[in-house]
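**Q** Take a look at the letters that make up each chain.
Number of protein chains: 2
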Amino acid sequence: MYPNKFENLILKFQNLPGVGRKTAERYAFETLNWEQQKKEEFVNALQVLIDGVDTCKVCGNLSDGDICSICSDQNRDHTLLCVVQSPKDILAIESIQEYKGVYHVLNGVINTSKGILPEDINIDSLVDRINKDEINEVILALDPTVEGETTSLYIEKLIGKDVLVTRLAYGIPMGGHLDYTDSLTLLKAFQGRK
Amino acid sequence: MYPNKFENLILKFQNLPGVGRKTAERYAFETLNWEQQKKEEFVNALQVLIDGVDTCKVCGNLSDGDICSICSDQNRDHTLLCVVQSPKDILAIESIQEYKGVYHVLNGVINTSKGILPEDINIDSLVDRINKDEINEVILALDPTVEGETTSLYIEKLIGKDVLVTRLAYGIPMGGHLDYTDSLTLLKAFQGRK
Chain A
1 MYPNKFENLI LKFQNLPGVG RKTAERYAFE TLNWEQQKKE EFVNALQVLI DGVDTCKVCG
61 NLSDGDICSI CSDQNRDHTL LCVVQSPKDI LAIESIQEYK GVYHVLNGVI NTSKGILPED
121 INIDSLVDRI NKDEINEVIL ALDPTVEGET TSLYIEKLIG KDVLVTRLAY GIPMGGHLDY
181 TDSLTLLKAF QGRK
Chain B
195 MYPNKFENLI LKFQNLPGVG RKTAERYAFE TLNWEQQKKE EFVNALQVLI DGVDTCKVCG
255 NLSDGDICSI CSDQNRDHTL LCVVQSPKDI LAIESIQEYK GVYHVLNGVI NTSKGILPED
315 INIDSLVDRI NKDEINEVIL ALDPTVEGET TSLYIEKLIG KDVLVTRLAY GIPMGGHLDY
375 TDSLTLLKAF QGRK
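As given, the protein sequences belong to chains A and B, one line each in that order. Quick note on numbering: this note's numbering labels position 8 of the first sequence as 8, and the sequence is numbered without any gaps. Here this note's numbering runs 194 ahead of the position in the second sequence, where the first position is 1.
Take these hints with a grain of salt, some might be off.
To be verified - Derived pair list, reagent style BS3-like, types lysine-lysine, alpha-carbon separation capped at 27 Å: (1) B/K206 with A/K5; (2) B/K326 with B/K308; (3) B/K232 with B/K206; (4) B/K282 with A/K57; (5) B/K308 with B/K355; (6) B/K282 with A/K5; (7) B/K232 with A/K5; (8) A/K22 with B/K308.
No lab work stands behind these hints: they were computed from the structure.
The shape of chain A in the complex, shown without the other chains:
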């Protein structure tokens, strides 16, 4: 019904996560009505998808060059290593301004049902780093899901007992209500009481 190119634009917007037909149409009509300059800036910004984003050769974080700003910061504690699933998590942890160590980005978690095996994520480079660098503590900060737990256990076994391995505390989120807390979280909160 719509002209082919416009229909194609709608279909491509539908590829975005959580975007259905109606939202895609809304995006297409909205962007089409933007001023020319705004359109060009939008399309130019997307060019980064094709050019690709550099990742840090040390930790796997998104980076402007070979080494990311965190890994090249000598004021940080390079003996403290926090393992995360995605660069997004680094931003969340940095926002609390408490952690002063470095990171290692796995870029995923082990998920056998989706065919993601240990060799598909950055576990080898993690083990390399632990063997080569002087690491005192590895903090496993993966999502508390079945896949995250599996991956944490896998890494713990791999690293062995030379390094202290810790996990983030589970419990009731701040500002939460006891009666709205799911039973698994409540169980973890009881087990982790101090």
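Assemble chain B onto chain A, guided by the hints.
**A** Okay, now just chain B, sitting in the frame of chain A:
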């Protein structure tokens, strides 16, 4: 925190309607993880924004050429003219497969608070069309909002009494419940009873 180009991508996604920081980050990470071909198809599809989409010289609908497929269809009733706000509405009306006339797209409605005056939307070309072509009936199918009503009244006055001007029926939507219907809709339903 993120590399500049990636941060820029997130900011540009935030320009889409109803997209905040979190959703924009989700879009950015998701698109970055797409396969190269999918990325290229996405970026290429957006090129239409810069190239622009043709609009029909007769009705203002989005079109692949100078005249849209509806205006060039000789099997349709060209004496019956339906006035809509946006090309989206044409798709909705076409989907009921009942209307066999042609359309006129205003590309907006009069909205003095946003500075949209009658001369900013395609009202002049509508009056031209009514004067030149043989039109028996003009159906005003604008959104039932204050701005839509204002625009409908404005057009009715402009056209004068030479042509039959009708509006879509207001009332309770099919599958709706009386007790959930707002009072204005209920009032219209009573006034329009037959």
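**Q** For each hint, tell me whether it holds in the structure or not.
**A** Right, here's what the structure says about each hint:
| no. | hint | verdict |
| --- | --- | --- |
| 1 | B/K206 with A/K5 | holds (22 Å) |
| 2 | B/K326 with B/K308 | violated (32 Å) |
| 3 | B/K232 with B/K206 | holds (19 Å) |
| 4 | B/K282 with A/K57 | violated (48 Å) |
| 5 | B/K308 with B/K355 | violated (30 Å) |
| 6 | B/K282 with A/K5 | holds (15 Å) |
| 7 | B/K232 with A/K5 | holds (16 Å) |
| 8 | A/K22 with B/K308 | holds (25 Å) |
Checked against the numbered hints given earlier, the structure breaks hints 2, 4, 5 and satisfies all the rest.
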